[in-house]
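There are 2 protein chains.
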Amino acid sequence: MSINIPQSSLPRVVIAGGGFGGLKLAQELDSRHFQVILIDHHNYHQFPPLIYQVASSGLEPSSIAFPFRSALRKKTGFVFRLAEVQGVAPERNLLLTSVGEVKYDYLILACGGTTNFFGNDQIARHSLPMKTLYESMNLRNVLLQNIEKALVSDDEERRNALLTVAIVGGGPSGVEIAGALAEMKRYVLPKDYPYLDSSLFRIHLLDASPRLLQAMSERSSETAARGLREMGVEIHTGTMVSDYDGKTLRLSDGSEMKTRTVIWVSGIVANAVEGIQAEALGRGRRILVDEHNEVKGLTNVFAIGDQCLMTADANYPNGHPQLAQVAIQQARLLARNLRARQEGKPLSPFHYKDLGSMATIGRNRAVAEIRGAKWGGFTAWMLWLVVHLRSILSVRNKVIVLLNWIWNYVTYDRSLRLILKRNIPVEPYHQREQRERREHEE
Amino acid sequence: MSINIPQSSLPRVVIAGGGFGGLKLAQELDSRHFQVILIDHHNYHQFPPLIYQVASSGLEPSSIAFPFRSALRKKTGFVFRLAEVQGVAPERNLLLTSVGEVKYDYLILACGGTTNFFGNDQIARHSLPMKTLYESMNLRNVLLQNIEKALVSDDEERRNALLTVAIVGGGPSGVEIAGALAEMKRYVLPKDYPYLDSSLFRIHLLDASPRLLQAMSERSSETAARGLREMGVEIHTGTMVSDYDGKTLRLSDGSEMKTRTVIWVSGIVANAVEGIQAEALGRGRRILVDEHNEVKGLTNVFAIGDQCLMTADANYPNGHPQLAQVAIQQARLLARNLRARQEGKPLSPFHYKDLGSMATIGRNRAVAEIRGAKWGGFTAWMLWLVVHLRSILSVRNKVIVLLNWIWNYVTYDRSLRLILKRNIPVEPYHQREQRERREHEE
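Line by line, the protein sequences give chains A and B.
Heads up: the first sequence is residues 1 to 442, going by the UniProt record's numbering.
Heads up: the second sequence is residues 1 to 442, going by the UniProt record's numbering.
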């Protein structure tokens, strides 16, 4: 059984995962020197920094996704396979996938991470992650449906719970989705739901740490918190979540919150790959690598991006932050290092160059920090727009995103409020009556 | 139990279904004279004529969908409810929905139709309809996935079946999706799948009648058939389908075709509404109405569009074709007639004004017939583009669709080839091996 990979006399590089790191590596490798095979369980590369805009009806999924086959069309001999990565068998130089085994000369694990529910299955089942395009579309559906359900509810407690959104995690994703929902509350709800008192729609942002945007300076944290509060977001720092059963969010101080929409953006854990020994795994299941991104204990197997943990970079003794820039810079260096290994030359060690970080809060508002300099307000917001627009793959997507942004900015609207799914999970009213009676009696 | 409809002293018009007819009626009714309630199980109006372009990766779902709440935002007192229409209780003036009962003074049934599988459950289970946005996205996923699966198959018969598409139904939808897939085969496959022999990708178009596009002239039929044949579509007229089990399409002449993708566009049946007596139903489950679209045997209950059957229009003694234009014209007249009924004036009878029909075949190719005049080729194609672009709701969607069309035309590309779903249904390879062995032994 093979997965039909065309013959080639070149050494074969198999890249598992087409996120920022995997895609960049595929682009950088010279097809005169290597046969490049990319394996991913999606047929497109997605752009996570704008996923919150898909969730909040500002952008279409296709605007921030790009099929691998198009992206790498000009690469001679490039092979893509749609498959789930299942494990490695390093002793036989094989990557195991859902469609068969692939022999490699060099293997690069770039499978990224997935939402971290810290082992709480109940939270995983009932809350809404926002890490993939599909999840963001699902979140959009739930947000819009819950408003529709609230409109036809006679039970005040149920109605309020349907109109309450709790966002768990005060990093950039949490801050950005909170801001986007606050704008929806202010500009869209009054027009779309003239009979609804939009002050009933409440947005809570929770974080265990004492301030939002921990990775940024205190000044930026404060700017963000002030901006969100002005927009009506209720911020609860120093607040841990202990459980969520789909109706009641329980906090570690014993208090609780009734909500039907919990957005879970409180961290990631690296995707698991079978065949990697437990001793090669570090914190957050990240694969331990040396300064060349080579997996500890293995030869010609590398890991890059969110999936790896490198402690050899002097400025980052605890490992790098799990950011796009780290993955991209590691991929770029690894392309050169693979060539060096092939030629028997010494490999260069990785040093992360921090290009800064930023988060948008809303219309004309963002925070940005670049090499010690800090911006807030309109300048940071323009900077945010330019940086993100530049990073989006393909001219077509850039144009569509820019047009959507201009449209949304000018009209104060979010045009994509479609609940797009097979079954509209509206309960038949007699069932609902029974259930509500039951709930009331409890 | 109520569904919380705001109080009003005006007579209440309840519209069940927001397709071409229902939406037009909601727009035309004057909110100074009526309270207008629209019920639909989607929160958006969709534009069926371009659904085949979503299926073939040329357009995004959101480009041809428009939320009702935006579309009718400027209408004072307008109420939308997201709900499944379940039945009517005319003796109590009630519409029954999944979220509760709605009292009406006037009820308009505009629920349209659904794909007609002619009672064959096996075909319904295994073939792919293309009537809603969700179905078109699903079809897109299956088309793209089957190509990916073919690439990793060692079994030649299975590979060929994965690369064979059969379209059942030679009306405009069948012709248009056949043309779009033929263009994908010619322009996209060779670039995206350099290792795949694209002649293996075969497109069959089947119809029970002796020619395609029955509703148009023989000349247009021939133009369409010739065009499609030149583009590589294999046409089988006079061919009935008797069964399909997901692998083998059986034809009524006893022959069969191995295919994993059967697109079923061979007719519609009106959606059922409980509480309408059997004697008020005609052919294709359509509700019999008089010349004012009032349901036979009921008062102040009307049916319009695909869901109704009117035999009183002298030029259409067997009823009107199930086309957007009929629904729109009926809605327009009904808005005036409801006002007349309210004022105690006589109602005007409906006469359908045929504005012509058209179908696009591919790049620069279409057929169009307008009041006896017939066009083929580029002129008809431009006409088709203009007519459809004009009919799309909202400036934003017009702009996005036009940009996509220009982009696709200039680049010969279809950019939206995303397989967007939660689980990629690629079988684990050991399961597949077992299954293929089993299949082979059978």
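Fair warning: there could be bad hints in the mix.
Because identical chains share one entry, a pair is satisfied inside a single copy or across any pair of copies.
As the list claims (entries may be wrong) - Straight-line alpha carbon distances no greater than 25 Å define the calculated DMTMM-like cross-link-like pairs of lysine to aspartate or glutamate that follow:
{"#": "1", "residue 1": "K398", "residue 2": "E291"}
{"#": "2", "residue 1": "K103", "residue 2": "E148"}
{"#": "3", "residue 1": "K131", "residue 2": "D354"}
{"#": "4", "residue 1": "K374", "residue 2": "D155"}
{"#": "5", "residue 1": "K74", "residue 2": "E222"}
Hint data in this document are derived by calculation from the structure and do not stem from the laboratory.
In this text the structure is predicted, and so the values were computed from the model without any measurement.
Quick rundown of the hints versus the structure:
1. For the homomeric pair K398 and E291, neither the shortest alpha-carbon distance inside one copy (35 Å) nor that between copies (52 Å) is at most 25 Å.
2. Taking the closest pair of Cα atoms, K103 and E148 come within 25 Å of each other only across two copies (19 Å); inside a single copy the shortest separation is 52 Å, beyond that limit.
3. For a Cα distance limit of 25 Å, the shortest separation of K131 from D354 inside one copy, 23 Å, qualifies, whereas the shortest one across copies, 50 Å, does not.
4. Proximity of K374 and D155 under a CA criterion of 25 Å is satisfied in neither setting, with 48 Å inside one chain copy and 60 Å between copies.
5. In this assembly of identical chains, the alpha carbons of K74 and E222 never lie at most 25 Å apart, being 46 Å within a copy and 39 Å across copies at closest.
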